[in-house]
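Please take these sequences and the hints and turn them into a complete structure.
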Amino acid sequence: MSDILTPTEEALAEAPPPTRGGGALRYLLTKAGGGLVSLVLVIVLGFLLFRVLPGDPVLTMTRGRPASKEQIAELEAQLGLDKPLIAQFFDYLWRLLQGDLGESYVFRVPVTQKIMERLGPTLLLVGTATLIAVALGLWLGTRSAWRRDSRFDKVSTSVALALWSTPTFFLGLLLMAATSGWFPTAGMVNSDTPPDFFSQAVDVAHHMVLPTITLVAVVYAQYQLVMRSSLLEEMGADYLTTARAKGLRDAMVRRRHAVPNALLPTVTLVFLHMGFVVAGAITTETVFSWPGLGLLTYDALEKRDLPLLTGTFIVLAGAVIVMNVLADMLYRVLDPRVRAS
Amino acid sequence: MTSPRAASPRALAWRRRGDAFAAGWRQFARQRSGLFGLGLLLVIVALAVLAPVLTDREGLNVINATGGPLEAPSGEFPLGTDRQGRSVLLLTLWGARMSLTVGFVAALLSIGIGTIIGILAAHYGRWVSAGLMRITDFFLVLPSLVLAIALSTVLNPGIGTVILAIGITSWPPSARLVRAQTLTIEARPYIERSRALGGGHLHVITKHVLPAVLPLVFVNTTLAVGSAIVAESTLSFLGLGDPDPMRPSWGSMLRSAWLDSAVIAGAWWYLLPPGIAIAIVVLAFTMCGRALESVLNPRLREG
Amino acid sequence: MRSRRVALGITVLVSALVTVPVGVPAGASTQPAVRAEAANQTQILRVGVTQEIDSLNPFISITRTGTDILRTAFDFLTVYSQEDMSPVPALAESWETSEDKLTWTFKIREGMTWSDGQPITAEDPAFTYNLMLENEVARTANGSYVEQFESVEATDEYTLVIKTKVPQATMTALDIPVVPEHVWSTMSDVGAEPEMPMVGSGPYTITEFEEAQYTKMKANPDYWRGAPKIDEVHFIYYRNADAAVQGLQNGDVDVVNRLNPTQYDALKSDPNIELVQAQGRRFNEILINPGAATEDGKPIGSGNPALKDIKLRQAIATAIDSQTLVDKVWGGYAEPAAGYLPPIFSDFAWSPGDDVKREFDLDEANRMLDEAGYEMGPNGVRLDKQGKPLNLRLLAHAGTNIDENGGPYIVGWLKEIGINVTLEPVSDTQVNEDTTRGDFDLAFSGWNANPDPDFVLSLQTCANRPNAQGKGGTPDSFLCDEEYDRLYAEQLQELDRDKRVDLVKQMQEVLYDRATMVILGYDNVLEAYRKDAWEGFPLQPADSGVIMNQQGYWGYYGATPAGEGPVPTFDENGMMVSDSSGASDTDTTNAAGEDGGNTGLVLAIIGGVVVVLLVGGFLFARGRRRTADDRE
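Protein chains in written order, with full-length UniProt numbering: chain V, 1 to 341; chain G, 1 to 303; chain W, 1 to 632.
None of these hints come from the bench; they were simulated from the model.
The beta carbon of each residue, even a glycine, is placed where N, CA and C say it ideally should be.
Stretch-level coverage of chain G by chain V, calculated; a stretch enters the list once three of its residues show a Cβ under 8 Å from a Cβ in chain V:
| id | stretch |
| --- | --- |
| 1 | 131 to 139 |
| 2 | 227 to 241 |
| 3 | 281 to 290 |
Calculated cross-link-like contacts (lysine to aspartate or glutamate; reagent style DMTMM-like; alpha-carbon spacing at most 25 Å):
| id | chain 1 | residue 1 | chain 2 | residue 2 |
| --- | --- | --- | --- | --- |
| 4 | W | LYS268 | G | GLU71 |
| 5 | W | LYS385 | W | GLU416 |
| 6 | W | LYS415 | G | GLU58 |
| 7 | W | LYS531 | V | ASP192 |
Here are the simulated distance ranges between beta carbons:
| id | chain 1 | residue 1 | chain 2 | residue 2 | range |
| --- | --- | --- | --- | --- | --- |
| 8 | W | GLN51 | V | ARG95 | 28 to 36 Å |
| 9 | V | GLY236 | G | ARG15 | 29 to 37 Å |
| 10 | W | GLN41 | V | LEU119 | 31 to 39 Å |
| 11 | W | MET376 | V | LEU119 | 56 to 64 Å |
| 12 | G | ALA13 | V | GLY236 | 32 to 40 Å |
Following this line, the structure appears as structure tokens:
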């Protein structure tokens, strides 16, 4: 279990609800509009939440150094802390629109630059883990539904549930203890690896093994369970009985009809699930010191680097919102029932 | 005329509920995994409740610690000791109290918020619904861990903060679920009849909708406790839990084990008990929840 | 057919994941050997660090790791010696002061060059210091050294003259990296990250920096003391210390420091690893807020007013047992509390005499409180003079050993004397902010003292309290004591070392009596390196010192690969002496038996994982066979 929040399978499988009436355009506009509202809310929340955090950046920056009253005032003006909150907000909004998230207090570089540096490793880790988790989850889920109540079903479902019940960091620590010496437990690449592409890629892959396994183990269970239950549901549906009655072979029926339909909620779940994968990434990256956005978030929180925190918060939440809008659209494209209505 | 002591509608309702419950229990009892989970839970809750009777809390105080640092399991310390020489078994036992308390209360808070919002959104359609669901969707997609960490940082550390942070970030799925269920129920004829007979919003919600969604809410709570326990352990692991050394939780034990390099020292007895305890409890709640779910949703029922 | 293809894809993915480990163990175990073979080409020292680098700009960086790297890249006018940390020549080969101690003339060594071949002249330090005088940004890291500078001038190519406003004790220990004028004078933003490779003057130059991953340095063949024995130094960032230790065990890094006692003990059984236990420069303390105030005496913060009572503070100090903390929290790798300054600085260090010493005694502490009128209230919590229960907060750095592990002891002891303490572990930044603002009752703190104690002594003066807005100062315990301040002023002007030592000891006695802080102990610095690959490193100070985070660059500069010994030492002029062996005393490795048990259990865990994999694989294979049957 990777996350603070674990939605029940139904809640996710239920979303997004099919819309009634209205054309494709209207549907798209509604979804995009909803996403936009969420984005704005994230931006407002990001601003407020981290402004409310107890902390005085000027104090942090001047500690250990003599600073005159003038210097402090200048620093406050430079950070815009002397203005009223609402003015600070519009400043922040205006700069945000230009892609400027301010400057990190700790690193003294633009937050955007810091985030861009860390984006790659996170995308690599989360992307790989998600791909593997989806593939594994779909395959195991299909298989379990196929042979419902077989030993395979029981064992794989139990294993999935057990892994899903384990906190990410605990799984990470266990892996670290159990495989001690086989894999690097920190970082992304050794500093003394030859610079050619192949050596680098092998080294990165080597470093990725443990964090990827951790993330996959925690994430795939959801996909498997949802795939299993939605396939079971499909298999009980009338049209399958009809198809079977027409004399189509069982395996063919499943493959041609049941699986594609059952894939739908699961694939949507993959997108809806990005938020939880992100949360899993924070703990995984912390345990394995993977130099990505999750670790950056944790470090920023630890050092209470407000602009950096706001930045990672907006980027992570924003990415998840965009994913959700995409999921809604994908759902529409994939599901003939929604498309037809 | 038929019976001299005609049952009052209330009593009838109670009897009907009693029957439904008995039927539900029979269904539940048919599922081995659900029963197993329930049994496991009862044992663990009993141990947690009885901890003050079975053991001495003063053993948690480091200045009373009798063992050496990171001692391997022995007759005196069945699960070894931690860095300060305290019994890991004792810590795990008392950790259960903290973890279960946070799990239950946070799950109740989360489900409570979710139920209220879900019912309101479904009952008062249109604008209320649109507004509430917009908020729900928003909270649903927010990376909740980030939000919970931020909340825990803003507020003073302590058990209350942990509960609040988990409750506030984890309600949206249940709100959606309850909303969907409420919509189904409100479409039924008897609600319409109740409205036609002059039943107000409050009457409809409390007398008809709430009783009908409660079983679902119950299942959801069962599943949510597990998540809340994991959430607590994650926050504690990141150092945002209750810092009182006399109130350990499984998460804070894991944090100590991590900080004290239990992995490097090979002190598996320090690392495994709290982690496995979490996994077992969460698994038990999940098994119960899934069994309950299949009682309520016949399509999932076995055979 | 489609699902078959999906299955195939998964199989490929899974097998990719599974085969990587198969190839790896062999590679991991042979790594040191491989590196030894490669020695002829590139000899790399890989240093594991657990702190992120804030900046590689020598004017900006203030982190331990950042300054450690920069010290190795930019030489100073003078540097602390390897032997005993006394100032020895570096860029300046000699220096003299005027009668009034206000004018310092440094003779810059001739014939030195920057790593790009340009000559190093007096213009370079003059440019560096003047930049700091003119530009606020350039004063970020080391501004305090130039605060009292009147003027800096290069009177000729190899003569540097510095005039100061008041006599300054730190003139032979200016910890300011000197930068090349020809590079930095063209930079528009002094605070920006310098371009790679950085032009430097130290034994190594910084060539590559990958944020949150590593910093690479290459040997400077033209280094004026002579080129290092090795080719490169890599500083590799680990987010947590355990990972760094595992990196050391795996051979991914060669040296790590700041080990905790558990890690140190665990490494004892590794035959390839050499341990270094060094006396630390740090004192650890608990601050007791005596009523925080600004420099003009205005009370600030939310400290419990009861703590203004010296009797209460002294009772608290009596109820804290340094020896237990040394044994339990530091695993014995520390020295019990005495005076304010750590025992490593043996001349300045002070121990309380029998007449003033407070022995740990809970009964005595209770008696003191009874006597002072703190009556026992309900629930075993004493009441203050206003009749309110004595509830105190204890501010702690989250994730720090002494704070996280020592905190419960403090809470436990004070509970025994009727004081209820709540532990509040928060981020380092927040501890800093809250203590600066006076928003604390009790707080963990600690400082690394320098060979010259002036800085840490100044922390406890009235003048060091924050200004009227509560900013700008670096207060420690908010002590403001007439006697202490008088002694501080006296020692600053005392040029006779023995007399100054005496004054400094008197100051420590005052601090001890006022009990605005309780010294907890002085922890050792624990380091480890791979002895299968390295002969050793010059330690600073030579007898009980450290490899990393030196007040200089000797450890990295003198790094000696296995078989290329002996490890050099450096004489009183900082020049290399190769004939003596500077290897540290070895710790005996006798924990093998105990470790055998642990290994067995770890193996059991591995076994469990393997079984799960096998079962999974079995089911996987069976499932496959059956579908294959189904198909045709």
